[in-house]
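Trainee: Listed below are the residues making up each chain.
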Amino acid sequence: AQSVTQLGSHVSVSEGALVLLRCNYSSSVPPYLFWYVQYPNQGLQLLLKYTSAATLVKGINGFEAEFKKSETSFHLTKPSAHMSDAAEYFCAVSGTNTGNQFYFGTGTSLTVIP
Amino acid sequence: DGGITQSPKYLFRKEGQNVTLSCEQNLNHDAMYWYRQDPGQGLRLIYYSQIVNDFQKGDIAEGYSVSREKKESFPLTVTSAQKNPTAFYLCASSIRDYSHRYGYTFGSGTRLTVV
Chain C
1 AQSVTQLGSH
11 VSVSEGALVL
21 LRCNYSSSVP
31 PYLFWYVQYP
41 NQGLQLLLKY
51 TSAATLVKGI
61 NGFEAEFKKS
71 ETSFHLTKPS
81 AHMSDAAEYF
91 CAVSGTNTGN
101 QFYFGTGTSL
111 TVIP
Chain Z
1 DGGITQSPKY
11 LFRKEGQNVT
21 LSCEQNLNHD
31 AMYWYRQDPG
41 QGLRLIYYSQ
51 IVNDFQKGDI
61 AEGYSVSREK
71 KESFPLTVTS
81 AQKNPTAFYL
91 CASSIRDYSH
101 RYGYTFGSGT
111 RLTVV
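Each protein sequence line maps, in turn, to chains C and Z. Each step along the first sequence adds one to the number in our numbering, with nothing skipped, and position 60 is 60. Each step along the second sequence adds one to the number in our numbering, with nothing skipped, and position 52 is 52.
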């Protein structure tokens with residue numbers, strides 16, 4: 001079975017500082033991995049996804065994530081935080097042995113301090 | 001542009017009343033999903049449908065019902081049997097693929113409040 005863990009339900013960074021949101025998955029088979037962003041009272045928007053091509057994946061709004069099989073991680077980073085990055089971020093995993101579901105993490109709320 | 005439309009954006013329900021949330025997509029996706037979102041609990045799957053006229057219960061189906069009569073539409077009814085329906089409801093769709101490698105596309109959500 002697949003599962004995904006997001007460490008830290010709340011993360012605060014200063015404007016201009018590095019953003020690091022953590023995601024670890026558990027799977028015996030390399031999965032497909034996704035990061036979604038949710039702004040208040042809106043749906044989820046795909047930031048980026050890993051589907052077994054390049055391990056460093058670049059997404060929208062300057063975000064990127066690196067797939068590290070040895071660490072079973074897919075952490076999301078952005079070199080310089082902007083006020084508009086304040087939102088909820090969800091990591092999700094799927095794969096050949098997930099049945100008919102995605103597995104979402106519980107989310108990380110990012111606050112950007114001016 | 002293709003996408004998913006959820007309506008209404010805000011909905012108020014009285015005790016003992018059934019309400020229906022609309023979800024329409026023009027992405028030509030076979031699969032559609034309903035999630036419930038509560039603060040601090042992430043997303044929980046209510047129902048999903050892989051094809052017209054077929055749907056399956058998710059993790060928290062009790063008190064909810066769905067139909068899938070058309071490929072484009074997957075309405076969710078919150079029945080009076082759902083004791084705590086106040087939440088944010090998200091509809092999603094995807095290409096029908098067992099591994100879900102293409103990800104999901106989400107609507108903008110409906111916030112349901114019991115009054």
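One or more of the hints may lead you astray.
Unchecked claim - Keeping only pairs whose Cα atoms sit at most 30 Å apart, straight-line, the calculated DSSO-like set for lysine-lysine is:
{"hint": "1", "chain 1": "Z", "residue 1": "Lys57", "chain 2": "C", "residue 2": "Lys49"}
{"hint": "2", "chain 1": "C", "residue 1": "Lys49", "chain 2": "C", "residue 2": "Lys68"}
{"hint": "3", "chain 1": "Z", "residue 1": "Lys14", "chain 2": "Z", "residue 2": "Lys57"}
{"hint": "4", "chain 1": "Z", "residue 1": "Lys70", "chain 2": "Z", "residue 2": "Lys14"}
{"hint": "5", "chain 1": "Z", "residue 1": "Lys9", "chain 2": "C", "residue 2": "Lys49"}
{"hint": "6", "chain 1": "Z", "residue 1": "Lys71", "chain 2": "C", "residue 2": "Lys49"}
{"hint": "7", "chain 1": "Z", "residue 1": "Lys83", "chain 2": "Z", "residue 2": "Lys14"}
{"hint": "8", "chain 1": "Z", "residue 1": "Lys70", "chain 2": "Z", "residue 2": "Lys57"}
{"hint": "9", "chain 1": "C", "residue 1": "Lys68", "chain 2": "C", "residue 2": "Lys58"}
Derived by calculation from the structure, the hints in this document are not laboratory data.
Trainee: Starting from the hint list further up, note which numbers the structure goes against and sort them upward.
Mentor: none
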